Structures are given as C-alpha cells and as structure tokens.
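Protein chains: 2
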Amino acid sequence: MIRLGKLTDYGVGLMTRMARDGADEQTNARDLSGRTGMPLPTVSKILKLLCQGGLLESRRGVGGGYTLARHPRDISLADMVGVLEGPMALTECAGEGDCKCEYLADCGLQRQWAGINRRLQATLASVTLADMAAETDSCPTLEGKGA
Amino acid sequence: MIRLGKLTDYGVGLMTRMARDGADEQTNARDLSGRTGMPLPTVSKILKLLCQGGLLESRRGVGGGYTLARHPRDISLADMVGVLEGPMALTECAGEGDCKCEYLADCGLQRQWAGINRRLQATLASVTLADMAAETDSCPTLEGKGA
DNA sequence: GGCATAAAGTACCAAAATAATCCTAAATTT
DNA sequence: AAATTTAGGATTATTTTGGTACTTTATGCC
Chain A
6 MIRLGKLTDY
16 GVGLMTRMAR
26 DGADEQTNAR
36 DLSGRTGMPL
46 PTVSKILKLL
56 CQGGLLESRR
66 GVGGGYTLAR
76 HPRDISLADM
86 VGVLEGPMAL
96 TECAGEGDCK
106 CEYLADCGLQ
116 RQWAGINRRL
126 QATLASVTLA
136 DMAAETDSCP
146 TLEGKGA
Chain B
6 MIRLGKLTDY
16 GVGLMTRMAR
26 DGADEQTNAR
36 DLSGRTGMPL
46 PTVSKILKLL
56 CQGGLLESRR
66 GVGGGYTLAR
76 HPRDISLADM
86 VGVLEGPMAL
96 TECAGEGDCK
106 CEYLADCGLQ
116 RQWAGINRRL
126 QATLASVTLA
136 DMAAETDSCP
146 TLEGKGA
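Protein chains in written order, with our numbering: chain A, 6 to 152; chain B, 6 to 152.
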C-alpha cells in the first residue's frame, strides 16, 4: 500500500498549519492540539521529533513554543518524511550498504532498487511545505509535473 | 521509512527470476522455492497472489505451474506493487474518496496528497519487469531519468 | 478409474512495527 | 518560588505483517 505512518501524516498537517499561520509565528503543542482535535501527547511527540530533526525551533518555559526553523519554501516533504520515518529505503537492498537479503542473495536487484529509491526521494524533495500550505486551487508544483 | 513489505520484495524477486529464465518458461512453486531458498509456503502464497492479480497464469495438476501473463516489458513495477500491497495510498487522504481524516478534517491537503500520490505511482509505472530483469551494468530506464 | 501432482482457497498463529500515553527532568518567564 | 512549556525516556496496547498449516479442486498419467 505504500502508506505513510499516521504520525507522519499528522506531522505534515501540523507543519502545514504552522506555515499557513505565518512563517514566523510561534505556537505551542497545547494550542495546536486544541485547534486540531489531536490528543496533546501525540502533538507533543510529533513536534518534539520535528524539532530534533531540525525542522522546528523550540523555546521552553512560559510563553514558549515552536516556530518553523526555515522558510516553508526551504522545507521539503522529503525533509519531513525523513525526520518522522527515517531515511527512505524501499527494500532491504535499496539502502546504502551491501545487499543482505535473507533469500535471493544474488538477485542482482540492488542497483535497480537504489535507482527507484532515488527517484521517489527526488519526487518528495521537489515538494515544499510552501506547496502544501498553498490554498489556491491551482498549485503549479503539484499539478504541473504530474503523472 | 516508506518500505515495501517483504512479500512484495520477494514477489518482485521471483518475477524477475522468471523473466530472466525466459518470458514463456513455466516454473512451479517448488522449483522456485528450491532455487531461492525461500520457504515453499511463502513462495506459494506470493505466486497465488500474483496470479489472482493477473500478472501470472497458472496451470494446475501434474506438470502444472506458473508462467508470466504478459511480456516483461508490459508488466510494470506499479502492477506488481499494486497486486501485492493494494492500491497506493500515501495517506488516508490520498486515495479516491473524501477525506475522512480523524483529525485535521478540513486540512485542505487532499488535493496535494493526491497529486504526490499520482507522481509516485507514475514513477513506479515507468519501471518494467524487463528493466528489473536487465543484468547489464547500465540500465537506461533506471539510470537515465534518475534523481 | 485411481493415483500422484500442483495450484486454490481458507483459516490461523506468532512476531514485529506502530500508535498512543505517561512520567520525570530541565528551562524560562513572571 | 510558582507556573508553564519543552526534553527525554519508558511503557502499553493495537494493528499489521509474515509465515504456516490444512483442505479442496483440477490435471495428467498409469
């Protein structure tokens, strides 16, 4: 099915909301939880991860919260997915190291998988948070190069 | 991590092996199991699914087995992944129907996700079983358009 | 016709990944 | 000092996946 985890889905949603609120606006987990209906613990966890991944910046204490670490145009979907799900590796083979497949050890498919992996990654890298946040009915980046 | 299931990985491996053996050659589950080291029940299960999905054809009884339903050039990676994992849907939103997200119901991201979904799908559709089976060091389809 | 072979269908169990929650610590403002 | 908000770690429950087993149906051969 090639499905992203729910947390990733939610995370992109949260980032998008932050981007729409304004690139420099600060919010906190409680506020986002209240506005979206998502449980606070889950929101906290996601924002924490995004912060660790360098996509958000945080301020602790009273009046603290999170802000986008970069302009929405400089944050890609690949960044967000990478932070929330780890590096993309379509198969065991598709990653960096040697092919350690349990079976089909000499299947000779590693190069092919790696290539496909790169292309999918590139697709995700070409979509920015700004694209996601755009509310216009026509989104050049998403519609233009489509399938 | 965006990882395919093991069964999908194995399934593509099995299809590739069949393609390399020759587009019209017939094999059976036992033979493939023996040659790859994969447990017979697993091989059977995968071949069954691929057959149900119309990618293989089967002959029962003594001397029966499986053959590729179409030429390797006419079977895409999207076909194989689709059969083994169901239709690609990156998120709840990305599919056909309405957005039924539990939270962020009006996130307005459905169109974006659907577009991204289409592009990823197109990438998978552009790779054929013949590409996977190619053993040459340079594979035009995979290297050429790469990221 | 009977037997061996091979796929088809169904159901089940175990293991792993994921989602969700909770608790304590650290920082910062008032 | 008190209140607030993130940081970090650990835990629990649910879902998905992988793997296996068993029974049925179809085919070819003797």
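Calculated from the structure, these hints are not laboratory results. Heads up, some of the hints might be wrong.
Remember, identical chains collapse to one label, so a pair may be satisfied in a single copy or spanning two.
[As the list claims (entries may be wrong)] With a straight-line cut-off of 25 Å between C-alpha atoms, the simulated SDA-like cross-links for lysine to any residue are:
#1 50 / 113
#2 53 / 77
#3 11 / 94
#4 11 / 127
#5 50 / 8
In this text, all values refer to a predicted model and were calculated from it rather than measured experimentally.
Can you list which hints this structure breaks, lowest number first?
none
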